[in-house]
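Novice: Let the hints inform the model, and build the full structure from the sequences given.
Line order of the protein sequences matches chains G and F.
Just so you know, we're using our numbering here: the first sequence kicks off at 52 and counts up by one.
Just so you know, we're using our numbering here: the second sequence kicks off at 105 and counts up by one.
For the record, the hints were derived by calculation from the structure and aren't laboratory data.
Backbone N, C-alpha and C define an ideal beta-carbon position, used for all residues, glycine too.
Treat each hint with caution, since some may be false.
Just some of the chain F residues that point at chain G, by a computed CB distance under 7 Å [what the hints assert, rightly or not]:
#, residue
1, Phe-123
2, Val-127
3, Pro-159
4, Met-196
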Amino acid sequence: MTSLALAAALRDERHGRLDMLPYARALDLRFDQDDDEVRLIMPFAIGLVGAPGRIHGGALAGLLEIAGLAAVIVAQPDATRLPRIRPVTVTVDFMREGTPIDTIAAAEVTRLGRRIVNVSSRAWQFDRSRPIAAANINFLLDWPEAK
Amino acid sequence: MTADAEKAAARQQRFMQRFMDGVPHLKLMGIGYRAHGKDWAELEMPFAEQQLADPDYGIIASGAIFTLLDNSAGFAVLVARGELVSHATLDMRVDYLRGPAPGVTVVGHAECYRLTRQIAFVRGLAHDGDPANPIANMAGTFMFAAQQPAP
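Specialist: Below, the structure written as structure tokens:
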């Protein structure tokens, strides 16, 4: 299962690429982590452009969702036993336009439940305190041994 | 439909397709024009590998569905306004009701149900063949470019 490949990469490497998810590969996503968080980097590319000179809001939403997914994975107590993780609701606020440079995103788990994980995800460019987009995401976890 | 109205619709359709061909991220996701009315628009996303979140299960990334709905909504706002004025997504919520069947074309349908001077309100859904059995539901707001330069 792909989230296992993703979890293995996040467990073993400080930085790398997210090519195990074809959608993340299309966005050319990389990750970079320290003890506090996983940050995703989406390098600027022509394929991300929506309105002329601006990054498409859908690409930003995709980046925010995958940053959320990464945060949910690293928050799991046992990295070798993972549920299937799916977003149920995603609400994105677009605050500033995405300019043609790298975009960085990181997410925070606001509540880690066994079935539902609430996540707050944020994307920025020049300055972390000036986010360009942010998302609240509720993930549903499906554990293999359903009760 | 009168001949004139038909011609106008065909013109608008050609315009929309040309417009979409010029948007690189739509090309990357394989999103194309499907249909529109006076306050609604429909785009389609035929299955393509780069939309996948989980290749083992053939599951389409929710981000790709979000992109499809964001654009469907944006086009609904354009046709509802009847003029090409730029707007920006203010916020958008998507509820993922179920996973699409593997390998399907996903359709995004959006309706601009209220227009004010500054904000457009849109609702919509994504489905994989049957609009009565949607994959996702969306609600979004769009803001128009400022009429006058800020003081």
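Novice: Given Pro-159 of chain F was flagged as interface, is its beta-carbon under 7 Å from a beta-carbon of chain G?
Specialist: Result: holds, 6 Å to nearest chain G Cβ.
Novice: At a threshold of 7 Å, is the proposed contact between Phe-123 of chain F and chain G supported by beta-carbon distances?
Specialist: Where the cut-off is 7 Å and the nearest Cβ of chain G is about 11 Å from Phe-123 of chain F, the hint is violated.
Novice: For the restraint on Val-127 of chain F, tell me whether the closest CB of chain G is nearer than 7 Å.
Specialist: Result: holds, 6 Å to nearest chain G Cβ.
Novice: Using 7 Å as the Cβ threshold, decide whether Met-196 of chain F counts as touching chain G.
Specialist: Cβ of Met-196 of chain F sits 6 Å from chain G, so the hint holds.
Taken one by one, the earlier hints fail for this structure only at number 1.
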